[in-house]
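J.: Take the sequences, apply the hints, and build the full model.
For the record, the sequence lines run as chains A and B.
Per full-length UniProt numbering, residue 1 is the first one in the first sequence, and the count goes up by one each step.
Per full-length UniProt numbering, residue 1 is the first one in the second sequence, and the count goes up by one each step.
Source of the hints: derived by calculation from the structure; they are not laboratory data.
C-beta: ideal position from N, C-alpha, C; glycine also.
Hints are all accurate, no fakes.
Under the rule of at most 27 Å between Cα atoms (straight-line distance), these lysine-lysine pairs were calculated in the DSSO-like manner:
(1) B:208 <-> B:231
(2) A:231 <-> A:208
(3) B:231 <-> A:231
(4) A:231 <-> B:208
(5) A:208 <-> B:231
Reference excerpt, derived from the structure (chain A facing chain B, CB under 7 Å, subset only):
(6) 228
(7) 235
(8) 237
(9) 239
(10) 243
(11) 301
(12) 308
(13) 309
(14) 311
(15) 342
Protein chains: 2
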Amino acid sequence: MADLRGGDLSRLRQLNSLTAIRALRRAGPLTLSALAERTGLSRPSMKEVTDELMALGWVEEVPPSQGTMGRPARRYRFRADSGYLVGVDIGGHNIRAALSDLDGEILAETRQPVLPDAPLGERLAAIERAVTGCLALSRTTVADLWTIAVGTIGVIDVEGRVIYSAAVPTWRDLDLAGKLREMFPCQVLIENDSRLAAMAEARRGVAKGARDVVFLHVGRRMGAGLIIDGKVHRGFGAASGEIVMLPEARWFDAPEHLNTCASVPEGTPPEDAAGHTLAAARNGDPVAAGAVERYVDDLAVGTAAMVLILDPQMVVLGGGFSRSADVLLEPLRRRLERACMRMPEVRASTLGDECVVVGAIDYAVDHLDDQLFTPDRGPLPVSR
Amino acid sequence: MADLRGGDLSRLRQLNSLTAIRALRRAGPLTLSALAERTGLSRPSMKEVTDELMALGWVEEVPPSQGTMGRPARRYRFRADSGYLVGVDIGGHNIRAALSDLDGEILAETRQPVLPDAPLGERLAAIERAVTGCLALSRTTVADLWTIAVGTIGVIDVEGRVIYSAAVPTWRDLDLAGKLREMFPCQVLIENDSRLAAMAEARRGVAKGARDVVFLHVGRRMGAGLIIDGKVHRGFGAASGEIVMLPEARWFDAPEHLNTCASVPEGTPPEDAAGHTLAAARNGDPVAAGAVERYVDDLAVGTAAMVLILDPQMVVLGGGFSRSADVLLEPLRRRLERACMRMPEVRASTLGDECVVVGAIDYAVDHLDDQLFTPDRGPLPVSR
DNA sequence: TCACTTACGAAGGAGCGCTTCATTAGTAGC
DNA sequence: GCTACTAATGAAGCGCTCCTTCGTAAGTGA
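T.: Shown next, in the form of structure tokens:
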């Protein structure tokens with residue numbers, strides 16, 4: 001429960017340094033005066049702070065802006081390139097990776113296809129290829145990596161061990177965090193992919209700014225991710241969002257309505273059936289429309305449970321089927337309107353397939369921020 | 001999003017003062033040396049801090065402890081009696097109030113019976129009587145009150161307005177916070193009663209120490225309160241925990257199994273029927289046992305929804321029926337065991353009827369803490 | 001070239017916390 | 001009752017961080 005440590009003078013400086021970093025991260029290059037004004041410090045004090053931050057490698061000078069009145073002011077910026085973050089999305093069929101700077105600006109992305117039943121070694125190798133691919137694209141080395149954040153399907157325990165994964169058999173009981181730590185000499189974070197997707201939507205997607213968000217992963221498998229009070233909600237055993245396990249919530253079998261619809265042509269591969277049904281419904285096929293109706297009926301039950309329990313500001317529809325949001329959104333809203341006490345906004349995901357990698361990066365950025373702004377870390381470390 | 005204000009020297013002092021207060025609140029009377037050690041400050045600095053706090057009225061000296069080696073040390077304690085908090089539970093049939101010091105130590109309690117359909121004025125008068133009764137019992141005046149926290153049935157909006165109340169008709173559309181602010185010249189907080197009960201259990205009840213708690217209010221009406229990350233979770237529109245509104249969760253009609261059980265004697269008043277059924281089940285009546293089975297079946301569905309969605313550390317069974325926890329707990333556990341991914345602890349409430357008032361006080365204490373520990377409040381105010 | 005604007009840099013001062021050391025007020029043992 | 005020991009007290013002096021103030025520097029616009 002919070003810290004009971006009193007502050008030293010150096011603690012004050014540390015606080016002010018962090019405040020300066022935060023201001024620079026938020027507002028880009030700033031002059032000394034602007035920085036001083038924003039943080040409330042005097043210019044001379046801020047000068048000392050920036051000098052120190054420059055010496056440590058956290059901040060650098062950029063050329064002054066031209067055409068201003070008066071003597072041109074020095075400008076400083078946060079050196080977001082003094083370290084890099086990688087986000088990884090380990091899906092059934094694809095492994096995606098993205099590399100960003102410390103501000104979460106994405107600099108490179110890669111994708112490695114992989115078979116759901118590929119042996120473990122192959123899958124891990126694909127992860128390594130995806131990450132090193134990103135490094136090569138952005139001309140950085142593994143030594144510059146500060147954090148790798150991984151989103152994966154399945155239930156992950158608090159230590160980063162996979163304890164359940166319906167979609168990827170070889171994934172089960174794997175100490176994923178451990179394996180990745182062997183591969184990469186940096187901090188490794190593991191999260192459930194739906195939760196990271198929720199994070200992405202809450203940070204830079206359609207739910208930007210919302211503190212409480214329910215993210216629905218609708219696709220061939222169903223899942224949910226929760227953002228509560230602006231943070232990823234994991235739950236005590238990292239098993240939150242698993243409403244799909246409750247038969248009464250009617251999520252588990254919901255996709256069957258779309259898969260087994262009579263309007264799907266014979267011989268369609270099973271993974272494409274739902275897409276056919278949704279497309280047919282969009283084109284006015286009454287049989288498909290009925291299947292979609294029944295699908296949304298089921299989807300709405302589990303969703304209403306989450307909305308009634310949490311009263312979020314927004315519900316975001318994501319996952320594979322969210323490409324058909326135009327067919328799903330309105331009927332879902334209508335049903336929720338009837339079922340809920342207070343109707344949340346219901347919107348479609350805007351980030352698409354990159355949702356999870358982007359969320360992984362946002363998660364890593366948050367983690368970095370937390371580390372920086374946790375008191376009693378001692379002085380700021382040298383950056384690079 | 002956090003503050004961007006840098007720190008002054010005085011800010012450091014403020015921080016240290018607050019740290020000292022916090023240490024004293026947590027550990028009772030402490031000597032200067034002990035305080036210094038705990039907070040990491042040097043003794044001379046801590047002396048200045050305590051001098052200042054004494055001058056402001058936040059801290060006072062107590063006689064030194066005897067029989068120690070060496071020169072006896074001054075001891076200081078937090079003046080929890082420099083202000084008072086009141087918690088109020090507005091139920092259908094009773095209005096309870098309790099008065100505590102700033103540490104949340106309860107000093108007086110009162111109860112005022114009131115009819116569910118009493119006119120609004122009468123109900124408000126009963127609230128006033130309950131509170132002034134507490135003041136009289138503890139020989140304090142309304143001027144010493146810092147905060148009143150109120151828990152009430154029904155859905156309260158973010159501004160403290162009652163927007164829905166099935167049990168108390170006159171309560172509807174009432175600006176409760178406004179009315180109370182007219183009555184009492186202090187800070188007024190309004191919350192839903194189940195959420196406050198959850199708070200109490202998480203702070204000093206059976207769930208003490210748990211960060212994520214689901215509190216089940218089981219009684220003639222059903223409700224739930226959530227503690228997430230140690231804080232009351234209200235939701236965006238203060239409508240969280242309303243799973244009872246979802247038919248598929250089977251909470252709404254669940255109590256009917258107990259009310260309409262054939263083993264209830266003719267002529268039993270409807271409010272006592274469920275109690276009879278539970279008692280009969282405890283005594284081995286097979287008909288009553290069946291009714292209880294069906295009741296728990298329903299109860300478990302909504303509960304499983306909450307557990308699967310949130311993955312709490314603990315589920316607390318509270319409310320009127322929790323007096324029969326011995327009959328309910330085991331069957332509930334069995335059903336959850338089957339339904340949940342990770343089984344939480346399931347325990348009965350230990351605080352009984354005082355749950356809500358106590359929770360209201362804990363809520364007020366938390367609020368006070370937040371206010372104190374929010375930066376940029378300027379210097380510590382004079383206490384009393 | 002001159003007035004004006006804005007930033008820079010150095011100097012002096014105040015607040016806060018730290019260390020050090022002589023002093024004080026108790027207990028324990030003889 | 002005296003002495004040795006223990007632990008807290010109080011005052012002095014130091015260093016760090018931030019503040020304000022003021023003269024100087026480096027641009028723009030007339």
